[in-house]
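Work the whole structure out from these sequences, hints included.
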Amino acid sequence: DAMVIQNPRYQVTQFGKPVTLSCSQTLNHNVMYWYQQKSSQAPKLLFHYYDKDFNNEADTPDNFQSRRPNTSFCFLDIRSPGLGDAAMYLCATSSVGRGKETQYFGPGTRLLVL
Amino acid sequence: GEDVEQSLFLSVREGDSSVINCTYTDSSSTYLYWYKQEPGAGLQLLTYIFSNMDMKQDQRLTVLLNKKDKHLSLRIADTQTGDSAIYFCAERAGTALIFGKGTTLSVSS
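Going line by line, the protein sequences match chains A and B.
For the first sequence, the numbering used here gives the first residue as 1, with consecutive numbering after it.
For the second sequence, the numbering used here gives the first residue as 1, with consecutive numbering after it.
No wet-lab data here; the hints were simulated from the structure.
Here a beta-carbon is modelled for each residue, glycine too, at the ideal position from N, C-alpha and C.
Hints are supplied without guarantee of correctness; some may be wrong.
With the Cβ distance kept under 10 angstroms, some of the chain B side facing chain A (calculated, not the full set) [said to hold, decoys possible]:
#	residue
1	31
2	99
3	101
Covered by chain A, per the in silico footprint, the following chain B stretches (three or more residues, Cβ under 8 angstroms) [as the list claims (entries may be wrong)]:
#	region
4	35–47
5	77–85
Following this line, the structure appears as structure tokens:
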């Protein structure tokens with residue numbers, strides 16, 4: 001089945017230790033998104049890739065970076081995680097410009113910072 | 001800016017209908033969405049409605065859109081215990097989705 005896959009589902013890291021979260025998709029969608037969802041809050045967009053073009057939200061901290069080496073994969077890098085970065089990180093994809101612009105989400109990676 | 005508001009909690013009995021309400025601010029939104037999130041899981045797309053529609057029905061789900069009042073609702077008929085989850089309303093702003101804070105639906109048997 002075509003889908004959005006996130007690995008790992010749970011990630012524990014230490015304060016200040018860089019961590020990378022992974023997302024892959026078999027939908028061949030041209031846009032990939034990263035959202036941060038803190039407990040009992042709405043998902044908040046961090047950034048997205050439209051094909052190879054990176055689009056950062058204005059209030060996304062510099063501590064958060066992203067890479068998209070090819071259509072299928074997108075990574076979220078947190079350079080120096082703080083306790084406030086503990087959250088669920090959701091990857092989503094959509095097919096913008098092709099008439100199917102609905103966003104489909106992966107299962108999420110829950111990040112714990114010790 | 002864009003803002004999406006939802007009531008935080010709804011409690012219903014199994015077999016009753018549930019109605020979850022949402023208001024949004026961006027009148028230029030072309031699509032409005034309902035997502036479901038179960039504990040510890042990602043967001044599952046339930047349904048969406050295009051802004052030139054007033055109503056959309058999909059099995060037990062009915063979406064009503066009042067563009068004048070910028071009000072969106074999701075009705076779940078014959079609510080089951082498996083429907084217990086958080087339901088997010090979202091509007092599309094450019095390529096991003098703006099979510100409400102979610103409505104926690106609790107279904108008792």
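Hint check results:
Against a cut-off of 10 angstroms between C-beta atoms, the interface hint on residue 31/B holds, since the closest Cβ of chain A lies about 7 angstroms away. The beta carbon of residue 99/B comes within 4 angstroms of a beta carbon in chain A, closer than 10 angstroms, and the hint placing it at the interface holds. With a least beta-carbon distance of about 5 angstroms to chain A, the hint placing residue 101/B at the interface is held under the 10 angstroms criterion. Remark: the region 35–47 of chain B is confirmed as covered by chain A, as 7 of its residues place a Cβ nearer than 8 angstroms to a Cβ of that chain, reaching the required three.
Only residues whose C-beta sits within less than 8 angstroms of a C-beta in chain A count toward coverage, and the region 77–85 of chain B has 0 of them, not enough to reach three; the restraint is violated.
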